[in-house]
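Undergrad: Now for the letters of each chain:
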Amino acid sequence: MPIAFLEVDRIGKSYDATVYAVRDVDLSLERGEILCLLGPSGSGKTTLLRLIAGLEQPDRGTITFEGRDVTATPPHERGFGMMFQDFALFPHRNVGENVGFGLRMQGLAAGDIAGRVAEMLALVELDGLEAREISQLSGGEQQRVALARALAPGPRLLLLDEPLGALDRALRERLMLDLRTILKRVDMTAIYVTHDQTEAFAVGDRVAVMNAGEIVQIGTPQAIYERPATPFVARFLGFRNLISGMISDDGTVKTLIGYFLPEGPIPPVGEEVTLLIKPVMARVEVPPDLLPSDVNSINGVVDTVTFRGRFSQIWVLSRGERLLFDAPGDPRLHPGDEVRIPLLPDQLQIYESSLQ
Amino acid sequence: MVPPPVAESLTGRRNPARLILAGIVFLLPIIFFALFYIYPLGSILRLGLIPEGVLDTAALTQLFTDGYLLRVLWFTTWQAMVSTVLTLLLAFPGAYVLARYRFRGKTAVRTLATLPFVLPTVVVAAAFVALIGPSGVINTWLRDLFALEAAPIRLNQTVWIILAAHVFYNYSVVLRLLSAYWQNLPPSMTQAAQMLGASPRRVFFEVTLPLLRPAITSAATLVFIFCFTSFGVIVILGGPRFATLEVEIYRQALNLFSLPLAAALSLWQIIFTFILMWVYTRTQARVGQTVKAISRGAVERAVKKPREKIFVFGNVVLIVMLIGAPLYALVVRSFRGRSGFTTAYYQALFTNRDDSLFFIPPGEAILNSVLIALVAMALSVSLGLLAAQALTRWERETNGRKPIGTTLLARGLDALLMLPLATSAVTIGLGYLIAFGQSPFNWRASLLMLPIAHAVVAVPFVMRAVLPGFRGIQPALREAAAILGAGGWRVWWEVDWPLIRRPILVGAVYAFTISLGEFGTSIFLARPERPTMPLAIYRFLGQPGALNYGQALAMSVLLMLVCAVAFLAIEHFRFGNEGEF
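Going line by line, the protein sequences match chains A and B. The first sequence begins at 3 in the working numbering and counts up by one. The second sequence begins at 1309 in the working numbering and counts up by one.
One or more of the hints may lead you astray.
What the hints assert, rightly or not - Only some residues are given here: those of chain B computed to face chain A with a beta carbon under 7 Å: (1) S1496; (2) M1497; (3) M1503; (4) G1505; (5) A1506; (6) S1507; (7) T1516; (8) P1852.
To be verified - If you want a taste of the chain B side facing chain A, the calculated C-beta under 10 Å gives, among others: (9) L1504; (10) E1514; (11) P1518; (12) V1607; (13) A1610; (14) K1613; (15) P1614; (16) G1777; (17) G1780.
Think of the hints as simulated: they come from the structure by calculation, not from any bench. Backbone N, C-alpha and C fix where the C-beta goes; we use that ideal spot for every residue, glycine too.
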């Protein structure tokens, strides 16, 4: 097995005796890969990033970079780059001096620095803005200067701490794609911290979902969206329909709103489980026949319908449970309509844990 | 043009008689300041430039031609510079500790560190006498320890004790300014530099220091101003050998009766302090536009590594020793007689003895001080209120429109009322001595002179306390109250008063404390038979004998207590939660 580019081994950090910020995390990264750490605030993703940067010292565990143990190496000797949420551009220096700061620390000659700065500014499409003051830049420009500054010294690993968090939504949408394009163009290995699922999926080759100081799932965006590993991940990705149930004698999942048979292996009879119903609404039958619902279908009453353009969001009430479904276009449903929703086995997923 | 009072502006009615009355009321602060600030300064100008009825610049140029005066000017500048540098060096690590670390007792340390700033100079001087004077705590202790005949440490009347007192006095200024600014610097700045490959040393010189520069220059300028105009510390601790420009003005006027030269020196002092104050205001403006304020929790960190523990602990010890030791010595020494603990010095303050050097018992000095402070407080608060009311009115009239007459009026009044900050105490004292010792305003004998001078000195502080309150009263609030059925006075009582009562209280406490501890002006204006507390302390310290010494310390302790209580009250009411006071 080849040595990983970056290897984080059982790293742990706590700020006080009872609460772990990062709890025995393992992580490995390939050269040229972009990994997104995704999680709610307080999940430990920023602490993990700062541990890798060397800005925090771990209580235990090791960090190995290109086969070398860097756990005790101070941040300025690790050769990593970092982008901060507030960009942390030096207000007492202009754009060129900011971008050239790391090069000056490396002891490069003034001429070489100027050339490299120009090159970096060209990369982020801010050519010729060397003399501009930081206070004169827009938010998007600041973000790009921060990126240029982080990339200029040629870091072997780039760490990004919510680099778009300070910007408004529309700008973020555009910049996250630019960011990935630039990182891929210079073949940068990067770890990118965000709490925004859209951002993580758009930027990352792989995504690690964090909760309570631990990585709960790691994989490609597709794999994670396809099969969220825990109810927490499912909920964090925006899935709303999580219902508690139990495995009945015939191997189906028995819930308040009916019996379901998902794809894949089924836990033993009597096990308490959580069922995830993905919101795809392929078909709606109105009015429902009066038969009791079959396996893998839900009877209910339409509660609210929100038209979103390409699709509509429909809240359905079924025996006290509120379920959310997405239907393409305008399904022509109205509050109060009685509906039956047939589900496909691959829309269903079970977790061997009861809902909290 | 005079703006209408509250009720009219709400309803749109304009009554000419009330307009004129309002105008007179709003003009009062200006008239008062013209008479009791501009006129005395003008008298100095006239006497300094035209001593015998014709223009004569001989006295004016003497500062730069006379060898002795040149040495005074050099010493003034030199000691101010050294004091400033020493204070900055000592306070820098302390500011870092307060800005970046979280530890138990931090609030107490911060409060203690701010205390010297509100102490009167005579108290500071007395505290240093009690600490390292010939019969101070340290010398007594060393003498007992090594059975010495004479005091081993002889710092009294040397430049070292002056520098020590200046550092003590200004340490809190630097600590407060610097740590507040440092706290608002995002830690990501230094971390970004680290990630770009800068070693801790380079981070400090390339990022931290340049980012702190506005706060450093601002604090340095302020400390320099304080030390440049130092008076009480020099006359009490330095003795006759040392003179700053400020001390020299006093000696020329009151010891050598050379008023023209004193006036000429005073003119230079006015020029110097105005320039310095202008520099300070400029730097202060840059400090104001700092990086956005960030929450404490985000920047403070716990003390963990052994190295950090030593560093934080060391600085806390330094703060406690530097600030605490002189104050501790003052209190301890004031209770120690020849045979141990005694309250004799305190009792002596309130008993009339025939052999006392005073015409009156020192207890009366306390009464004088309190009475003067009360009158000064009432005067400066009323002035401040009238001025603040007029100022905010005028500001609001031009809100969003291009500057007109009232804008200039507002700016002019604002600047005028701040000027006493840039005028040294001795200058004001001398100005009064000259201006009110002759017709048409021959009022020098009046008991009101001292409270009036104190009020002039205190008005800038009152203004700074009350103006934010007045500016906070939005016209919309008054309009809302009016629409809800409140009449003119009712609006004032329900809207204005709750918003400004706290600032007024803070301003009043400021004025009271300033008057109580004022020394430089009082030494010119107080009548010999009616000394104030600081003057009594000064006289006691100048007399031989254990009882005089003890009484000086005892009175200093009393003065310190009053100031400390006032300071805590100001802190409480300025930052405290809402509620009745």
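Undergrad: Against chain A, run the beta carbon of E1514/B and see if the smallest gap drops under 10 Å.
TA: Where the cut-off is 10 Å and the nearest Cβ of chain A is about 8 Å from E1514/B, the hint holds.
Undergrad: With a cut-off of 10 Å, does the beta carbon of G1780/B approach a beta carbon of chain A closely enough for the hint to hold?
TA: 29 Å, violated
Undergrad: Please check whether M1503/B passes as an interface residue: C-beta within 7 Å of a C-beta belonging to chain A.
TA: Cβ of M1503/B sits 4 Å from chain A, so the hint holds.
Undergrad: Does M1497/B meet its interface restraint, that is, does its C-beta lie within less than 7 Å of any C-beta in chain A?
TA: With Cβ-Cβ at 5 Å, under 7 Å, it holds.
Undergrad: Classify the hint on V1607/B as holds or violated, based on whether any CB of chain A lies nearer than 10 Å to its CB.
TA: 12 Å, violated
Undergrad: Checking hints one by one. Is G1777/B an interface residue toward chain A, by the C-beta closer than 10 Å rule?
TA: 32 Å, violated
Undergrad: Let me know if the C-beta of K1613/B comes in closer than 10 Å to any C-beta of chain A, holds or violated.
TA: Holds, because the Cβ-Cβ distance from K1613/B to chain A comes to roughly 9 Å (cut-off 10 Å).
Undergrad: Please check whether T1516/B passes as an interface residue: C-beta within 7 Å of a C-beta belonging to chain A.
TA: Cβ of T1516/B sits 11 Å from chain A, so the hint is violated.
Undergrad: Tell me if the interface restraint on S1496/B is satisfied: Cβ within less than 7 Å of some Cβ in chain A.
TA: At about 4 Å, which falls below the 7 Å cut-off, the nearest Cβ of chain A leaves the hint on S1496/B intact, so it holds.
Undergrad: Quick check on A1506/B please, does its C-beta sit within 7 Å of some C-beta on chain A?
TA: Where the cut-off is 7 Å and the nearest Cβ of chain A is about 5 Å from A1506/B, the hint holds.
Undergrad: Just to be careful: measuring from the Cβ of A1610/B to every Cβ in chain A, is the smallest value less than 10 Å?
TA: Cβ of A1610/B sits 8 Å from chain A, so the hint holds.
Undergrad: Taking the least C-beta to C-beta distance, is P1518/B closer than 10 Å to chain A?
TA: 5 Å, holds
Hints 7, 8, 12, 15, 16 and 17 from the earlier list are contradicted by this structure; the remaining hints agree with it.
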